Amino acid sequence: MAAQPNQTPAARRSRPPVSVRRDGPALFIIYLLLAVALLGVFIEAGFIWHLYSRSTPTSDVQILEYSKGEKSSFPRSSHDFNEVSPAKPPKAESKPAAFLQIASPVSGGNGVLHWRADSFPVFMRGLQYKNNSLYVQQDGYYYIFSKISHMENCSFFKHQVMQWTERYSSKAIELMQSSRFICVPSKSQWRGNSYLGGVFQLFEGDSVFVKVNNSSLVYGEVYENFFGAFMV
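Numbers given in this note's numbering equal positions in the sequence shown, counted from 1, plus 26.
Think of the hints as simulated: they come from the structure by calculation, not from any bench.
Note that this is a predicted model, so its numbers are computed, not measured.
Treat the hints with care, since some could be wrong.
[Claimed, not checked] For each label pair, taking beta carbons as the anchor points, the in silico distance ranges come out as:
no., residue 1, residue 2, range
1, GLY246, SER205, 18 to 26 Å
2, GLY223, GLY137, 27 to 35 Å
3, GLN164, ALA129, 21 to 29 Å
4, GLU192, ARG217, 37 to 45 Å
5, GLY166, ARG217, 19 to 27 Å
6, LYS156, VAL248, 15 to 23 Å
7, PHE146, GLY223, 36 to 44 Å
A virtual CB, placed ideally from N, CA and C, is assigned to each residue, including glycine.
Use the sequences and the hints to build the structure in full.
Next up, the structure:
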């Protein structure tokens, strides 16, 4: 058996080094970090989708309601969208209102005019007529109006709308007035018209009435002399 020649130190140093794989743990850590990052992306996407799905119905309903100025028939409720529905204003048919025409005799002597409250086109809703006055049964702002046709024969004529209330005074308060004095020498009598109208705040129990200084000057048909009020 032949003996192997001894290798010199230079020959031993010239051998290529044996590579040892040490990149296994590093790759595992990289893959783990990538998996955690992807999981975070999926979780964030889930939160975004959840928030979007909650806000979408409201925005869709708003688009349906306000597009082309028409309301949508999509069913919705204030409970579903955490909205507080505004209070509905009272319908016009339910607001207090009254229209009266002059009665005969027109006055009892104290200048307070009498009115008819029981024939067409007279009507009464939410107000009460008694003692020649309209009594308020609901607080609010009311438009009060009165029109009087009268004779002008060189006489002074005063037309008033009065209010009685316990809140301010024990006597009637003047709300509106129209005063006229016309004398036409060439004519013995001349017809005139007086119209009063305005908005006033009235309270339950208050009453309003019409007064003239000389009821004998009131002239004309029932449709020429009227008095009324309605809530605005």
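Okay, the hints, checked on the actual structure:
| no. | hint | in the structure |
| --- | --- | --- |
| 1 | GLY246 <-> SER205: 18 to 26 Å | holds, 19 Å |
| 2 | GLY223 <-> GLY137: 27 to 35 Å | violated, 20 Å |
| 3 | GLN164 <-> ALA129: 21 to 29 Å | holds, 25 Å |
| 4 | GLU192 <-> ARG217: 37 to 45 Å | holds, 39 Å |
| 5 | GLY166 <-> ARG217: 19 to 27 Å | violated, 36 Å |
| 6 | LYS156 <-> VAL248: 15 to 23 Å | holds, 20 Å |
| 7 | PHE146 <-> GLY223: 36 to 44 Å | violated, 23 Å |
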